[in-house]
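So the protein lines, in turn, are chains E and V.
Here the first sequence is numbered in the numbering used here, starting from 1 and rising by one per residue.
Here the second sequence is numbered in the numbering used here, starting from 1 and rising by one per residue.
The hints are simulated quantities; they were obtained by calculation from the structure and are not laboratory data.
There's no promise every hint is true.
[As the list claims (entries may be wrong)] What follows is a list of derived Cβ distance ranges for each label pair: (1) E:Lys-131 with V:Arg-405: 57 to 63 Å; (2) V:Gln-329 with E:Glu-144: 52 to 58 Å; (3) V:Tyr-82 with E:Glu-129: 33 to 39 Å.
Built from N, CA and C at the ideal position, the CB exists for glycine as well.
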Amino acid sequence: MDLKLIQRLIAMMKRAGVAELDVEDPATGLKVRVVREGAPGPSSAPVVHLLQGGGGAPPMHPGYAAAPGAPLAAPVNEPAQQGTPFQSPMVGTFYRANGPDAEPFASVGTRVGPDTTLCIIEAMKVMNEIKAETSGEVVAVLVENGEPVEFGQPLFLIKS
Amino acid sequence: MFRRVLIANRGEIAQRIIRACRELGIETVAVYSTADADAVYLRQADETICIGPGPSAKSYLSIPAIIAAAEIADADAIHPGYGFLSENEHFAEVCRSCKIAFIGPEPETIAKLGDKVAARELAKSAGVPIVPGSDGPVEDEQKASQIAQQLGYPIMIKAAAGGGGRGMRVARNEPSLVTGYHAAKSEALAAFGDGTVYLEKFVENPRHIEVQILADKHGHIVHLGERDCSIQRRHQKLIEESPSPSLTPELRARICESAVKVARQANYSNAGTVEFLLARDGNYYFIEVNARIQVEHPVTELVTGIDLIQQQLLIASGEKLAFEQKDIQFRGHAIECRINAEDPDKDFMPSPGKIDLFVPPGGPGVRLDSHCYSGYRIPPNYDSMIGKLLVHRPRRDQAIRTMLRALDEFVIEGPKTTIPLQRNILSHSDFRAGDHDTGFVERYYGHHPGIPVASGETR
């Protein structure tokens, strides 16, 4: 979980009029609660509380936070999930399978090779098959099917 | 009005557009490359999306990446800023087919004005003077010398597919025309794969005068006066001002009216700039239309009090212009210095890297549009502009004094900047007298750009 995600959550909450949201990042085990104080007023400042795994970082205002993309806190290492992040090579919409009823290309435990398709990223109505470009085992899937992803966003953890 | 605008640009203009959107209550989506991930202006956007790596071709120039970002962020309009995709008709077309409003003219207008020959024809048909020329390709040297005789020397030989000074030659007599004709032809063939050349009368030491236009989608067109951008180095503008010290009220009225005619002929909508060359004899000639917002737009904002970026947003969303020509008042004198991270002592070589200390100037009459700050690292991937320093004062001499004061105050430690050169130009007697042209910088600072030549120095 990084600041970009939190910023996006806050923007989504604002649009949907949501006052409080708990989020858990399966990759890091990091739990975050985002509370918009005095919501749904438009000027209410969202406050992000680290619930777990962040090592006691103070609540922060995203407007004064570190640059986008900077990690919020050191992720908690879970031995079973150690792997190298596979980053999105493009911006678009992330799909785990060829269609709604199809099997996902890759799940936790899938062995992949350089030419194995990991996922599809849709940009401008073009379905781009994304290859693993490395060999190993998928140990985590970090993005939900159908979610928007940006360039460089970690999509999978792959253990070689 | 738009609900959510994606800004397909970076740096100071991205920040400028975010500011305009926020004042209009429009949400902003800022896209960025990994080279810009640290940029502080991104925090002022409602949402940020990383669209690719540092090289522009894979980020700010990537149409699929930007459209995909607009789709996932649910933006209803895209502001292209200047440079990058701002005058790319294909991008404007893709936006239209994706039902995203492109904040700029229609793709057909961009295409027509982007074609130099078509734009020239358009100006001619609007009754606006163009530089006299061959009206088409010149096939052989006999034809060339015949046309040159009619036009009168000096003559400029230009590549039809040209740009950036390649395939261009100036001839002052028949022998140099013949050699120049063949040289330009082979250079154009090598550079553009097309050896077609045409001839134009060469306007010597002209001034660069451009007129700001605003046109809505309902046929209303106004001009916002001119900017004098004669202080340039190799077609790179260094100082811009409004009003131009070289225009009489009568000449100003004619040039501005010509600009409106061109815009009307082009069926133009949104903000645009019509550029002219002004010769020493008072004749002026249409050169081209820049179908986008320009770097130096704040000069016009200062003298008219009209926020051009807000106007772009209003026009693109279909609003009518809220004022007519007679409502536009021009007040005082504005000057802009483009502060670039370049080393004037080393032939303006870009000087990227970390800014150790950044202390912006301020005080009465000063405006700074910059995305930089102490500790900011200027990425090597993009242009070297640190910011635009502007002043607005009642009179030109006062504006020059305020600009010199502001340049003195401006602390930028780390990269080399163009500030020393701009200080020198502003102190030069020719500039102070308003007696300068597009050859000024090369003439006085050409050989040792950082070291002023003694003649005409007042400080």
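Take the C-beta atom of V:Gln-329 and the C-beta atom of E:Glu-144, compute their distance, and say whether it sits inside 52 to 58 Å.
Since V:Gln-329 and E:Glu-144 have Cβ atoms about 56 Å apart, the given range 52 to 58 Å holds.
Does the beta carbon distance between V:Tyr-82 and E:Glu-129 stay inside 33 to 39 Å, or does it fall outside?
holds, 36 Å
Using the Cβ atoms, figure out if E:Lys-131 sits within 57 to 63 Å of V:Arg-405.
Because 59 Å falls inside the window, the suggested range holds.
Taken one by one, the earlier hints all hold for this structure without exception.
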